[in-house]
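Colleague: Chains as they are written, first to last, in UniProt numbering: chain A, 1 to 716; chain B, 1 to 700.
Simulated from the structure, these hints should not be mistaken for laboratory data.
Each residue gets a CB set at the ideal place from its N, CA and C atoms; glycine is no exception.
Check the hints yourself; a few may be wrong.
[Unchecked claim] Derived EDC-like pairs (lysine to aspartate or glutamate); straight-line CA-CA distance at most 20 Å:
hint, chain 1, residue 1, chain 2, residue 2
1, A, K471, B, D186
2, B, K264, A, E614
3, B, K269, A, E422
4, A, K342, B, D272
5, B, K264, A, E144
6, A, K342, B, D266
7, A, K656, A, E614
8, B, K684, B, E90
9, A, K342, B, D276
10, B, K680, B, E90
11, B, K235, A, E422
12, B, K277, A, E422
[Unchecked claim] Sample of chain B residues lacking proximity to chain A, with all beta carbon distances greater than 10 Å (derived):
hint, residue
13, T76
14, Y228
15, N229
16, T232
17, P250
18, D266
19, K269
20, L362
21, L369
22, G595
23, I607
24, P635
25, I656
26, V672
[Claimed, not checked] Here are a few chain B residues that face chain A, going by a calculated C-beta distance under 7 Å:
hint, residue
27, G197
28, G201
29, P202
30, I230
31, G231
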Amino acid sequence: MHSKVFQKPKINKNSTDQLIFREDGLTQLRKKTKSENEPEKNKLIMPCYDDDRPTQQEELLIRKLVDNVEQHERIQVLTELKNLIIGSRRCKLAFYHAGILEILNNLLKEYSCLISIDILVEILDCISSFAKVNNKNLLNRLIELGFIEQILSLLTIQIDSNHFYESCLRCLRSFFLSKIFSNPYLTPTPYILLSDDNKHDTITVLSETESYLSNDKYLPVNILLENSQNLDIFPRLLSISKSTQISIIEILCCACVNNERQNQIVETDFIQSIMHLLVENILYHNKINLVSVTNEYLVGVCLKFFCSICYENAAVARQLHTTVFTQTNETLCEIISSLLNKTNQPVVISYYASKFFINLCKTKVLSCDDSFVSHKSLTTLVHLCTKSTINKSIHLYIACFDTLIYLLNGNNTLHHTAMYTEQFLNKLFCYLFAPTKIFNETIDEAMLIQIRTSTLTLLAVLSSYHEDIKKRIADQDNLISTAIECYRSNHRSLQLAALCLFHGLSRSVHQLRTTFNDTICDVLLDAVKSSDLSLVKIASSVISNTVLEFSTCRARLLSGGILDILLAFLTHPDHDLSINGMWALRNLSYLSTLKIKQDVIHGLTIDRIYSLLEQCTDERFLICLLSLLRNIFNEKDTQIILPMFNSVKLLTTLQKMREKNYSVEISREIRILIDHLNSSNAAPRQRLPSDPVNPSCRTSLFPEYACDEMDELDCL
Amino acid sequence: LSVKNGMDQSCSTNYTYIICCLVIAINLVYFIIITLKLFIQYQRRPATGYYQKMTDQSSKTTTTAPSRITTSTSKTGLERLAQLYPHVTEDTPLPSKWNSKEKAPSLALQQNNLAVAYKGPGKSHKDAASVRSDHPIPSLTGIYYYEVKILSKGRDGFMGVGLSTSEVNLNRLPGWDKGSYGYHGDDGHLFCSAGSGIAYGPTFTTGDFVGCCVNFLENSCFYTLNGYNIGTSFKDIPAEVYPTVGLQTPLEAIEANFGLSPFKFDIDKYMDEYRDKTRRAIVECTLKEGELLHQIQLRRIVSTYLVHYGYCATAEQFNKNAENVHADELNSMRNRQLIQNLILEGHTMDAIEKTKELFPTLLNNKNLLFVLKVRQFIEMINGTDSEISKPSTSSQTKISSLLNHKNQLNSLLTNRNASSTMTTTTANDCPSIPLSKSNTSLRSRSNSPYKSESNQTTNSDVQQHSNATNNELSQEAYTTVNSLPSHHMDVDDELNGNSITNGFSNHETVSSSSSSSCSINQISNGHSLLDDDSNNLTTDKTSISNGYLTKSTENLDTMECDGISESNHTMHVEDTSSDVQKKDDEILIKILQFGRELHTLKQQLNIEYGENLQHDKILQDAFSLLAYPDPRISPLAQLLEPSQRESISSVLNSAILEAHDMPRHPALEVLVGYLNECDKLMHKNNIPDCAFIELNKYVR
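Whole structure, please, built from the sequences with the hints as guidance.
Modeller: Here you go:
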């Protein structure tokens, strides 16, 4: 039955994603029926039913494939094989264990020499299907066998067969779109078009993808781009058909994993040709009012390419910004912004068009109050995830939220606009509190968690800067309790998001006095003791704010043993965490009682302070330490604490440091400290403007929690 | 036949296109239901505000008409407004400026009553002052938008922008009282007919642009600040509201933009979205089984439309798909198509004969017959009617009077024609039916040596006997000939057995039994000219069949088939006796005679139905064509235009349909008409939903 359905797998054209999706769906289906029917059926033959063993019929097929030398018969067998494996994970694995990949590899080699297109196409289709399987070993084996290289070499052959090239490129694309090799942020959902090209995040979530990224030689991207001549194959193929265009552009999108790769692609001059493709398809779209799905898909892919190519790459972004379409004398920006204004187009196009401007804005090519960004992209995104009824896709909503998080994090001038646009804040609360009500269809639990995470993170971003927005968010009924509940759930992403929100709110004196209660303290203490490093990191950031003198949490945190935990962080192998620990200690000692200061000094030990002062090379850490000392020697306590140090030794150490070639900030910090120590011997008249919570200086909240603290220091 | 084939072919090539049209047509039907639903829905709304508004508006239009003159500040501005609100007419003017009468005394209006400044004491909230626009917002705008620029926030910035009904006290800021709504600049709060506000948006101050948009489709309202939509503010606003601003502290000043200059906010995009929403609601509307209209009925509506306009191939295909075959209708459609084609090609007489044959009772309607005959007359002058051929061709086609020689396929009938013409011609001599000459003699003229005589006699006959029986008889005389075209049609209709046409022709012969029997007797005489054996045979047959009337036509039919080989022969015979000069005269005489006949018919009509000026006119016009040396360059040349045939053909088509109990207009057209009326009604009743319905987009 299945084989009938997929007799001619149309992986090309626009149905790719659906197919991928369908394959997944079928896999599940197959599993179910198998668990119901197959065990009973196979029990007699095979007492211990093994998923990965091919059935007799399948073994026969393999034998036929090997034994038949007749090309015509081989094609038949291959078609049969193809129909079996498409959509069946079990079949794929079974054949894999039976060594089908090696057979296919040999066949591919054999017929590559003969250039017999029909059989090559069948082989490629099979490989393409194998490449889509979500199994790391299988994929690694595929790449080990050198299929990618072979396909690339096949592509260099000059044959007059579009079908052949389409097959090759589709197969190649399957490798690139594979979930195993792409980082989880690239394809967070089956809704691949909306996948994010956050190569940046590969670094922050390294822990998850490490295993795959470490074996570089298995990355399709590296195989493709290690030889720069490989890219030269594509421009010629771009003109063949819409299918090849889509495949090539999607491959290029996936290849944009870092700045180096992006530059490599830009050097091959894909920008002009893809811009032409974009304009061509838009114009076609304008002239004839009948919407062509392929064109739309192609426009979406082109936009996705422009988004990926300039992501976090200022040089490319600048180049794109100045790119002009010579025939109409329009800039690329104008062309893409025209796509933002259409209401009757697929949401994906609007989404990627907005994302393009946001990427330009984040690379500082466009200022954030540029109308492309603030008026068009921002409002479009907000609109997409509030009002859009065209395609009430939860994936789209999540993607929009994530893009907004990306934009707003650091661009605080847009916070008010975003918050007020179409009552976005109220909508966010709805999504957070009762997402099931909005998406009335039954949605996946994982999706539900994702959207709540994104919403909570977006609220955290919004609450990170402006005092009035913080107040508005914190005053929302049930928000804090919901955040706590989110933390208590077992989903790490939700927990992180909840902590992010607390972090945003903790940056306000007012919020520290009002919103933060004992429950949050408990949550923080729990998080900081967690075994999950990322949780601990962000919790430590929140704690460094909440241990301040006027915080309602301070006492509870201290009684919860926060001091020991913070001291332990100082020696933590994770550098960011040690800085966070120091920063927390610094805040803790600010305007604190003598007892606490003494505890901190005892915890740190005076010897360690000296050694750090003399030997520490990390400027961030040093600044934290110096400002800690400044806080300790503040006010009247100086006279009591100073004797604990050798005051002469301390001063000489500081003087020595002054002579070293430190940065301006450190020198300033040292100078202030020396002045303070000198003056405090006489009378503590001078009171330094030590600003513990300075919300106006933070530019970035996540994911670099540690750097975040640095920013705060910058403003001191 | 080739023409017909061509049409069928073009039908099939355009098949896909027409199917597309059909899909639209089906949508259209859904659309009607939706609009009806909307209408019903709207009618059910709280009636008070609605009717009150209706009355108010009617009274308002009379009083406010002159004030519109001042609005013509810039053309582009007005154009923009016209583009934004295409459905708003003069009857329901748009707000254009602040109303100097509807304002609190402490406000001063400037700049063509667009700017407002506060001049009062501004000590407490009792000093608040508001101003309303000159007109309420017409709900036909669907979505209305206006913008206010804050020129100065004054002392405290207690400014409110919003809406209010005409009853609201003007010494209050908008939003404080019932029927008034406002967004305030000092706290960014929203006041919805209440003393206390709710947190809504940011505060606004000097230099900001605050916009207010009323969405009558959803009966809601939202504000914009500096071009950003800040989200839905109010719901369930009353039907008739005025743009309103309120100021409270000294030096506060605002300037309104009612659409004459560009807005900060992209209102077009917002409207587009609603247009799209409306479109989608219509297009994607699905009906549950049995709801209002059944699927089968829809199919029937579409298929009758196709049948009506003669899209045979499409209709067949459609019916095949819809599993809903109306064979009888298809047949009738074919016949009508044939007749229409004849008219459109100028062979009016053939068309008349065909009609008589297929729809025998139809031309009892003399008015219709008259109109057709006048057209025939014109065609005769034009030289296109088969009765008369153009001088250049006439020499070759003297005898083949019935059918056009240009049409190769028709030539097979000439033989048959000739024989039948003979029969009628010779009928002249038969005293029992002298009146039959009036028609037949015209045809006989070309080939009979004694035409002039007969012509004279017929003329006198026509003048003498202008009564109903004359017509009937002449009609019957025609019908004997008519079996020819019926066969012609049988040959054409490959797809169909076409038993109906045969049936008709049989029927005809039965009715015309007396005349045919007479004529057949004469045939043998007339046929002395024709050497052809088979022809003689046929005449023999017909004469034999004299006694058995129905049989005779069958024989005739079979003979026609034989006639194919004989046509050349007859032609040849005719050629020998031709004379060009003589021919032209003959034509003229023929036309004149036909004209006389026509005149008689008209007089007869006058007697029966009374004076008909329209008939007088068309006949006069047609006759006057003869007065010109070359009618083609005469003032009445347009009568000779082929386009004139279309109206005649559609008149005949409708008449045939009516006679067969089929609707004069296809149901689909009627529905479209209903739809248009419904749309008009919605406009008349100011139902905002129709603001974004563009019927023309659906009805192509």
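Colleague: Against each hint, give a clear statement of whether it holds in the structure.
Modeller: Going down the list of hints, with the structure as the test:
| no. | hint | verdict |
| --- | --- | --- |
| 1 | K471(A) - D186(B) | holds (18 Å) |
| 2 | K264(B) - E614(A) | violated (60 Å) |
| 3 | K269(B) - E422(A) | holds (15 Å) |
| 4 | K342(A) - D272(B) | holds (8 Å) |
| 5 | K264(B) - E144(A) | violated (59 Å) |
| 6 | K342(A) - D266(B) | holds (12 Å) |
| 7 | K656(A) - E614(A) | holds (9 Å) |
| 8 | K684(B) - E90(B) | holds (13 Å) |
| 9 | K342(A) - D276(B) | holds (10 Å) |
| 10 | K680(B) - E90(B) | holds (16 Å) |
| 11 | K235(B) - E422(A) | holds (14 Å) |
| 12 | K277(B) - E422(A) | holds (18 Å) |
| 13 | T76 | holds (20 Å) |
| 14 | Y228 | violated (5 Å) |
| 15 | N229 | violated (5 Å) |
| 16 | T232 | violated (7 Å) |
| 17 | P250 | holds (27 Å) |
| 18 | D266 | violated (8 Å) |
| 19 | K269 | violated (6 Å) |
| 20 | L362 | holds (44 Å) |
| 21 | L369 | holds (48 Å) |
| 22 | G595 | holds (54 Å) |
| 23 | I607 | holds (59 Å) |
| 24 | P635 | holds (45 Å) |
| 25 | I656 | holds (38 Å) |
| 26 | V672 | holds (21 Å) |
| 27 | G197 | violated (15 Å) |
| 28 | G201 | holds (5 Å) |
| 29 | P202 | holds (5 Å) |
| 30 | I230 | holds (4 Å) |
| 31 | G231 | holds (3 Å) |
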